[in-house]
Amino acid sequence: QKEVEQNSGPLSVPEGAIASLNCTYSDRVSQSFFWYRQYSGKSPELIMSIYSNGDKEDGRFTAQLNKASQYVSLLIRDSQPSDSATYLCAVFSWRGNQFYFGTGTSLTVIP
Amino acid sequence: DVKVTQSSRYLVKRTGEKVFLECVQDMDHENMFWYRQDPGLGLRLIYFSYDVKMKEKGDIPEGYSVSREKKERFSLILESASTNQTSMYLCASSLLQNQPQHFGDGTRLSIL
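From first to last, the protein sequence lines are chains U and F.
Going by the numbering used here, the first residue of the first sequence is number 23, and it counts up by one from there.
Going by the numbering used here, the first residue of the second sequence is number 8, and it counts up by one from there.
If you're looking for bench data, these hints aren't it; they were derived computationally from the structure.
Where hints are given, some of them may not hold.
[Unchecked claim] Which stretches of chain U does chain F cover? Using the computed rule of at least three CB atoms under 8 angstroms from a CB of chain F, they are:
no. : region
1   : 40-48
2   : 89-102
[What the hints assert, rightly or not] Taking lysine to aspartate or glutamate and the EDC-like style, the derived pairs with C-alpha atoms no more than 20 angstroms apart in a straight line are:
no. : chain 1 : residue 1 : chain 2 : residue 2
3   : U       : Lys64     : F       : Asp45
4   : F       : Lys64     : U       : Asp105
5   : F       : Lys78     : F       : Asp45
6   : U       : Lys24     : F       : Asp66
7   : U       : Lys64     : F       : Asp8
8   : U       : Lys89     : U       : Glu25
9   : F       : Lys64     : F       : Glu76
10  : F       : Lys78     : F       : Asp8
11  : U       : Lys64     : F       : Glu29
None of these values were measured; they are calculated from a predicted model.
Ideal Cβ positions, reconstructed from N, Cα and C, are used throughout, including at glycine.
The task is simple: from the sequences and hints, build the whole structure.
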């Protein structure tokens, strides 16, 4: 079982819609959770960090964490074509003392 | 803002060569990491370092070594390059282990 799992997609949404990206993780003692955006040919860029249960909002982005169900999600409101990218979920666990990255979900926003 | 600088964006080398990839960060971060990224395989950790002169093996250290003589610089060395080491190499740094990693622009390395 992988430490972090994401649906590889591709996920397509129309411009202006809400894009919902999901991530599950296997280690219950995971502590820190991150979402990265990666454009084709570029390096990952941090867009959200979340450390406690619940929602965290930053502009059009909302991260949701549910530790009991071991999932973290990213909502992108009013999706724009510039949001088209691969989104990586990352989890830090003190048990393994290591970051674990998912393989990413490809998002396409259709104008 | 955190700045992680990798010495080359593109690099072409020949099999058997010794290859050096350099990474420098300007935020006094304790932790530095080297990953490679291949289509369908995601990010794979090669080596990491939590302090100067310290290094730890990641998931795929074979064929690689690292050097961290100064806090801001973390070098990846391919001892004898092979074609299966053609990849995108990404350096990252973080202030603390459980805090976000910040990536450099990456080096696309081709071994011919």
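Each hint tested on the structure:
Counting residues of the region 40-48 of chain U whose C-beta sits closer than 8 angstroms to any C-beta of chain F gives 0, which falls short of three, so the coverage hint is violated. Figure legend: the region 89-102 of chain U, annotated as covered by chain F; annotation inconsistent (0 residues with Cβ-Cβ distances under 8 angstroms, at least 3 required). Proximity of Lys64/U to Asp45/F is assessed by CA-CA distance (about 13 angstroms); at most 20 angstroms being required, the pair is judged to hold. A hinted pair counts as satisfied when its Cα atoms are at most 20 angstroms apart, and Lys64/F with Asp105/U does not qualify at roughly 35 angstroms.
Among the hinted pairs, Lys78/F with Asp45/F is inconsistent with the structure: their alpha-carbon atoms are about 28 angstroms apart, more than 20 angstroms. Only pairs whose Cα atoms come within 20 angstroms are accepted, and Lys24/U paired with Asp66/F is accepted, the gap being roughly 13 angstroms. For the given pair, Lys64/U sits about 18 angstroms from Asp8/F by alpha-carbon distance, which is consistent with the 20 angstroms threshold. This hinted pair checks out: Lys89/U and Glu25/U have alpha carbons roughly 14 angstroms apart, not beyond 20 angstroms.
In summary, the hint linking Lys64/F to Glu76/F is supported, as the alpha carbons are separated by about 17 angstroms, within the 20 angstroms threshold. Distance check on the hinted pair: Lys78/F and Asp8/F sit about 18 angstroms apart at the alpha-carbon level, within 20 angstroms; holds. Of the pairs offered as hints, the one joining Lys64/U and Glu29/F holds, with about 18 angstroms between alpha carbons and a cut-off of 20 angstroms not exceeded.
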